[in-house]
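2 protein chains.
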Amino acid sequence: MVHHISDEAADEPSITTQTPPNDPSQAPLVYKVGYPPPKNLATEFTETLRETFFHDNPLRQYKGQSGPRRFMMGLEFLFPIFGWGRDYSLNKFKGDLIAGLTIASLCIPQDIGYSKLANLDPQYGLSSFIPPLIYAAMGSSRDIAIGPVAVVSLLIGSLLQAEVDHVKNKEEYMRLAFTATFFAGITQAALGFLRLGFLIEFLSHAAIVGFMGGAAITIALQQLKYVLGIANFTRKTDIVSVMESVWRSVHHGWNWQTIVIGVSFLVFLLFAKYIGKKKRKLFWVPAIAPIISVILATFFVYITRADKQGVQIVKHIEQGINPSSVHKIYFTGPFVAKGFKIGVVCGIVGLTEAVAIGRTFAAMKDYQLDGNKEMVALGTMNIVGSMTSCYVTTGSFSRSAVNFMAGCKTPVSNVVMSVVVLLTLLVITPLFKYTPNAILGSIIISAVIGLVDYEAAILIWKVDKLDFIACMGAFFGVVFVSVEIGLLIAVAISFAKILLQVTRPRTALLGNLPGTTIYRNISQYPEAKLTPGVVIVRVDSAIYFSNSNYVRERILRWLTDEEDRAKAVGLPKISFLIVEMSPVIDIDTSGIHALEDLYKNLQKRDMQLILSNPGSVVIEKLQASKLTEHIGSSNIFLAVSDAVRFCTTKSMQEP
Amino acid sequence: MVHHISDEAADEPSITTQTPPNDPSQAPLVYKVGYPPPKNLATEFTETLRETFFHDNPLRQYKGQSGPRRFMMGLEFLFPIFGWGRDYSLNKFKGDLIAGLTIASLCIPQDIGYSKLANLDPQYGLSSFIPPLIYAAMGSSRDIAIGPVAVVSLLIGSLLQAEVDHVKNKEEYMRLAFTATFFAGITQAALGFLRLGFLIEFLSHAAIVGFMGGAAITIALQQLKYVLGIANFTRKTDIVSVMESVWRSVHHGWNWQTIVIGVSFLVFLLFAKYIGKKKRKLFWVPAIAPIISVILATFFVYITRADKQGVQIVKHIEQGINPSSVHKIYFTGPFVAKGFKIGVVCGIVGLTEAVAIGRTFAAMKDYQLDGNKEMVALGTMNIVGSMTSCYVTTGSFSRSAVNFMAGCKTPVSNVVMSVVVLLTLLVITPLFKYTPNAILGSIIISAVIGLVDYEAAILIWKVDKLDFIACMGAFFGVVFVSVEIGLLIAVAISFAKILLQVTRPRTALLGNLPGTTIYRNISQYPEAKLTPGVVIVRVDSAIYFSNSNYVRERILRWLTDEEDRAKAVGLPKISFLIVEMSPVIDIDTSGIHALEDLYKNLQKRDMQLILSNPGSVVIEKLQASKLTEHIGSSNIFLAVSDAVRFCTTKSMQEP
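Chains A and B, in that order, are what the protein sequence lines are. Per my numbering: the first sequence ends with 655, consecutive numbering throughout. Per my numbering: the second sequence ends with 655, consecutive numbering throughout.
Bear in mind the hints are in silico, worked out from the structure with no lab data behind them. Where hints are given, some of them may not hold.
Since copy identity is lost for identical chains, a pair holds within one copy or between any two.
Unchecked claim - Here are the simulated DSS-like cross-link-like pairs (lysine-lysine), alpha carbons at most 30 Å apart as the crow flies: (1) Lys338 to Lys168; (2) Lys462 to Lys626; (3) Lys365 to Lys573; (4) Lys626 to Lys278; (5) Lys279 to Lys604; (6) Lys600 to Lys409; (7) Lys277 to Lys409; (8) Lys365 to Lys604.
Chain A extracted, bound-state conformation:
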């Protein structure tokens, strides 16, 4: 449309051998503001769809393959086990076996403890040996260890408790738990299948850090019940109720024997953790410390019969494989909606955790993870889980880290873990009878304490204050109110941030870096010089309905400020406004109206509106709306420097 003036006066010029810039005899290079080749509606639509849902281009590898090969690849896509299974070796199995045994020893006491967090009997935590098997066949992460996790257990426990009391209506509570698990699986699988996985991105990193930290503290506080041996404990999770509960029972509710067991093993576990952190080779110390604690503590209680002194013990774990629970899932009645709601929330939180873990380890070993495919795997695993007496499982960070460090090679480590858990259920559950609850509390405290990531919080504070507010909002929401409220605050602040971003984009006044043709923000580059008689404003965002009025008013304010300044200093009157549009990646009808209004406004002030470097989408839309004709094609330039030269030339001609 508009020529790039690149003769001797070139602005972002042409220092090449072909066209020496200072040589006016050279023919001018002609560059117009580019119009992308026109697309028809179908192409445009398909492209938007593809970028939104299939940006990772999953069908790429199928191109040019034969039919049977494609089938095999499809099968491998759904069940990666067919991929890595073919070249599985004894050597790899050795790694997986060690890793599997290590995580099994870690997971048994954790599973029992987490099921207590979810207000469920221990066997429902231990029964989660089915989901890891499903994941081993369908999942594509090589490092994730599957199982119940602390935060989701707390979340599902408190959401379920809000609907049904787990003491009074135990059966209903359990059925609702399976229903929620079923819908959590459905949610996860559906998000993955519909390729809507990107929706979980709306939980910002900062919000997750705050939420996890808050949840960890809440979980640790809940364990005080076991570690201090308090019989009459509040059902609320906020810190005020819990501390009140602890305080109220200080004289007649605490049990010193329990405290001795709990505290001493907690010290032992934290010390083991410290060792593991100091020497990475000793990672197995914190990994097996829990099971050792359990064995020691159980033995100790058994020989001293401390349970008769008021030390609470696990008492009874249902032996044997857990039965089918298909008939227990509510498919009709008022509980379906409740189960659905709880399932959606738990499913999404579970996904967030699993995907974050999967990505972290994939980046470490440099392989790619298809988030959507992972979701289908996790979803299937929970659907099956809900039918085999398991509650929501997902990727556990602490276990996955141990798995990784123990040298797992493939998801077979999950299979090993499963088998060990299965054997435990079949054979040795009676041995857990005398395990004191206090030791489980200590194990959970030491497990969740790492979730309080204060270093991340400090970094967030340094980098982005608004992120920090989101982080703290989620944290305090969880700690002082409840898990749900904390989650709600996290999501709300994350959204508010997006809205703020699109409502109040940045604008900048540009100046010339002396001796170059570069124009930059004068507040970033104080050495940049303003051009007399010309105001150059850069808009740092797409111009959409949500910000179009603001952008227009803000540009006018820059102009007024500059006019005032020019008047005060005695500079020439401003007669050109250049809007640098490089960062304006898109514009909608409201944005075009705003530009039109701006144009009319300037006309009344006897000023010329000039656009610089509109992108392909923008120029297309400006043309479709005929705005280019209003503004005049000769007032649209490829670069700011071209535009400035045009202005200065013109103002010299008509003084």
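On the provided structure of chain A, position chain B as indicated by the hints.
For chain B alone, kept in the frame of chain A given last:
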């Protein structure tokens, strides 16, 4: 941090007399990527707050003024009447008088009709002579004419009807209407007072076009009841129910006398409208046509006593000034919450209309409107209105246009209109007894038909397909389901668009425009040439948690694609990835993690990550998170061309 290489090899170079670019003897100009001067927390916070809530800098004019002067200015700010009142002249009053009389003649039949849309008695529409007086004192738009409007009347009518039946519980219905009006006023005033006016920007232009069009059609369909004289009409507003209702009564429900009156006057009104559109000087023809129709039709019915033939008439309008309704507003009980909900919705829709109208006319006469101040004025007006037997009023588009064209100078035209309506209420309401309902229906149909802005819809289709979906979604939602659902769809799609924008930002592969140092999107500028061994990707958005993973994966996909292409064509291996960050106006902790992952990923592939032109906010955050140290300050450049030169030099050194 990084030097701008602008010796002989300058990239966006230095064509000035001081530093001839091709002269290597010249000392190199040194520009670093700029770090803005550090701000402390308080400054940063204040600035964000100011940009968000006080971007129009309303206190600007108070600077350097004396105390009493400031007080006067503050008073003028709250009550602009003190401003324009001082130099009010007879000449201005002439303009206002004519405009006021014209809009009064238009508003009397409209008010009666609109109150029927809201299921209220006619006097509650006519009683709205108080709000214009309040607005005249507090409002800053010179052209807005205040009164009940069609869309808000329909909206409040259908929302109220969903709670209370207006036939069975007339008194409760009316009280809830006043309660809703009260809360609508509170909402409007609060939004303005808290400077949250930007929230209404979240209703996109496209969504409003669709919603208004749908509402207009729904309103017109509702009038069939009066124009066809159907006694037994559905209470639903969707097109299916209404057409069914019309069809069912075709044989025994239609009244031919009514149809004759309704249709003939509708033709007359539309013809008058057509004339007004053709000749702008005859704008008064459509403006006074309604009152003429009313007079003619009333007289006709009176002499023929057509009401005895089944022609429905207004029958009775309460004479005299409407009484106080303070005691009728619910301040306790279950209706408070309902009234509040309805009030918020109606208040926001009313605001949207008034602010849009105010802006339009302000732009035409080139004066500024403070949106937040307008909201306070509109809110106060509705709060007072709710206490004086009025339901929600706002700026009416059709009346404001007539007001503008009739030559109004100040809000005094609203005062004139008020006085005329008051006199009507006091003196001539009995004369309306024989006014046929059909004529009111015709007037409303001819008034709302202009709201179907199909030209705007066509433009939206051309400019932005997603906007068009929002527009049509709102339109069909209103027409086929209900006003509320249409509104909900409009808001939902508007939000979805924002979310899509921040989740899937555009990225572009950049190439060099031969003969220049400019790098542009190769799909917009097909003449642009890629640089062998280097991939240059521009990210067209802030990198936030909502898109950080996508951005990272998309950049890697560009890289993989280019690697494949390079391999296929036999070009050198790619060893540099330049990320052009000019449009990246902000980054958060998730974004920094994504860049870090990208950096690690590239290291594994033996490639160098290079950043070009990070903005002030971005470079600050990169440094706060120590990412600049990882990437290496010498790999961050001021411009793409500098970065490319660095790469090509380096790859020549180490082949």
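Results for each hint:
1. In this homomeric assembly, Lys338 and Lys168 come within 30 Å of each other (Cα to Cα) only inside a single copy, at 18 Å, whereas the closest approach across copies is 36 Å.
2. With identical chains, the CA atoms of Lys462 and Lys626 are at most 30 Å apart between copies only, with a shortest distance of 11 Å across copies and 46 Å within one.
3. Taking the shortest alpha-carbon separations for Lys365 and Lys573, only the inter-copy value of 23 Å comes in at or below 30 Å, while the best intra-copy value is 62 Å.
4. Taking the shortest alpha-carbon separations for Lys626 and Lys278, only the inter-copy value of 24 Å comes in at or below 30 Å, while the best intra-copy value is 67 Å.
5. For the homomeric pair Lys279 and Lys604, the shortest alpha-carbon distance between copies (26 Å) is at most 30 Å, but the shortest distance inside one copy (73 Å) is not.
6. Taking the closest pair of Cα atoms, Lys600 and Lys409 come within 30 Å of each other only across two copies (21 Å); inside a single copy the shortest separation is 67 Å, beyond that limit.
7. Only within a single protomer do Lys277 and Lys409 lie at most 30 Å apart by alpha-carbon distance; the minimum there is 22 Å, versus 78 Å between protomers.
8. Taking CA atoms no more than 30 Å apart as the test, Lys365 paired with Lys604 passes between copies only; the shortest distance there is 10 Å, against 63 Å inside one copy.
When the structure is compared with the earlier hints, no violation turns up for any of them.
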